[in-house]
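K.L.:
Let chain A serve as the given structure and place chain B on it in line with the hints.
From first to last, the protein sequence lines stand for chains A and B. Take the first sequence: its position 216, counted from the start at 1, is 216 in the numbering used here, and no numbers get skipped. To convert, take the position in the second sequence, counting from 1, and add 306; that gives the numbering used here.
Calculated from the structure, these hints are not laboratory results. Treat the hints loosely; a few may be bogus.
Stated by the list, open to error - Here are the simulated DSS-like cross-link-like pairs (lysine-lysine), alpha carbons at most 27 angstroms apart as the crow flies:
#, chain 1, residue 1, chain 2, residue 2
1, A, K305, B, K370
2, A, K188, B, K391
3, A, K259, A, K142
4, A, K64, A, K188
5, B, K565, A, K305
These are the residues of each chain, in order.
Number of protein chains: 2
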Amino acid sequence: MSLVIIGTIAFDAVETPFGKTDKIIGGAATYAGIAASYLNKDVKLVAVVGEDFGVDNLNIIKNKGIDTSGVQVNKGEKTFFWSGKYHTDMNSRDTLVTDLNVLADFDPILPESYQDCEYILLGNLTPQIQLKTLERLKNTPKLVVLDTMNFWMDVALEDLKNVLKRVDILTINDSEARQLSGEFSLVKAAEIILAMGPSYLIIKKGEHGALLFGEGQIFSAPALPLAEVFDPTGAGDSFAGGLLGYLASVKTVNFNNIKNAIIYGSALASFCVEKFGIERLANLTQEDIQARLRAFVALSSFDIKA
Amino acid sequence: MSLVIIGTIAFDAVETPFGKTDKIIGGAATYAGIAASYLNKDVKLVAVVGEDFGVDNLNIIKNKGIDTSGVQVNKGEKTFFWSGKYHTDMNSRDTLVTDLNVLADFDPILPESYQDCEYILLGNLTPQIQLKTLERLKNTPKLVVLDTMNFWMDVALEDLKNVLKRVDILTINDSEARQLSGEFSLVKAAEIILAMGPSYLIIKKGEHGALLFGEGQIFSAPALPLAEVFDPTGAGDSFAGGLLGYLASVKTVNFNNIKNAIIYGSALASFCVEKFGIERLANLTQEDIQARLRAFVALSSFDIKA
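If we strip away everything but chain A, and leave its shape as in the complex, we get (with noise of 0.2 angstroms):
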């Protein structure tokens, strides 16, 4: 039994109002993957760097328990970049810099040893990646959790909707949710998504929290109110990464687990915003995520009988 995430390696450099980075590690894959492993011993990645990324920089996620004998190197070429400057309210930014360099020809190879893979993240990737992954995969996984972004409903529709009918949770932000349903209303929204395929819809709303829609019922989690939110950059795929590894760890998926894994999804992502990249993200304790889980119980808990 193991879980699976395909996404991005990437280098980022990242602009907000607290300061500036050079290159740093980032990636879809690498937020989610470092998420999960702190949940789950059994951590698989799919993705591909250039020979620029150095041993170092692998080492960094093998160091997390991370198995990456899917990530593939390829020699005389360049990782991934992304560059982008956050506006003051942190919720909009700018993209400076895109040079997809390996990712332009990007073929996932899922070595022999994922095979027994039961937990998949189909990080944000070209739809088309998204479902040859799944065809790569002997057996359909117990879950699939796919991530998507405005951009690929743009540009691949066609090809998001047809590998959305394979997936079982997807998570997407408001103003994506109303593109891809053409609703306003979140709950209208909701359905008309639903209708496309997942069992599960997972609405994320930045600092105002996130909303679960399935089996006939709504969650409404919370954001931990934080007073400064450093670098959102990586807080989806951390979320992500630990939402899939709390529900990998409990090993049903329901309703119940999902709010659960939610919460547990938040809490990291709350942790990868307080630093540059993966700087506080990667450096956690178990107790630091305890304490963090209680403070999203008590944020939202209140005692009425009704």
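P.N.:
Using the frame of chain A, we list chain B on its own:
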């Protein structure tokens, strides 16, 4: 022991994507009073209307068991009139008409029978009138809740700061909290605003719920996701009325009780927006309210023991 609410009683004409109304009963005191009336049997209003308001309209309020002996009826004058149009997102609106009419010279009268007031809501009015109301009470109430808006921060900031010194709970929305504090982070904004006087700050975030700050703690309350928000007018006032009504019924004002009060207020506000004006809010059964409270419990509960 009684609960006093001062605010506007108005005629509103509202246009939303779902339709438009002729002149209907509105006003902060109307909404707050009706909401509070479900949780408390001793609600007293302070307000002013014109002769055009009519006995039938006043009876709608009286029939909820609300004491209107503090509502002045100014002969030969016209009731405050507001007309607005909501945009698709229902969070922004254009004010089309504001005819102050009787409100221009409003000088609140607190009848002798109101002097046992222990719980008071100073609804959205000029800070000068809010202060004058407190000064006309012989005893300091046990709880003062103040609602205000960005307009008073623009034109009467010093007066507002004066009345804030005498307030226990302040309710404003997120953009108002940012304006009043000069801080974007709501955590930092709360710190600054609490230093201005209130012991507790409630930041209303519309469809994203509300945050409570005080006693060094934070509580995040969800909003009920609705398929259709028919008319948001009065939601904030219904929230404040429900909040005060609950606190007056439990008689102890502390962080835990304010958390519950926010859920009661949110439940009443969630009814308010389902129809135009007070149509839905004024026609609730106790079982309707209990069912809605159960929906809030289901919406936000999860089972993590950290």
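K.L.:
So which hints don't hold here, by number, going up?
P.N.:
4
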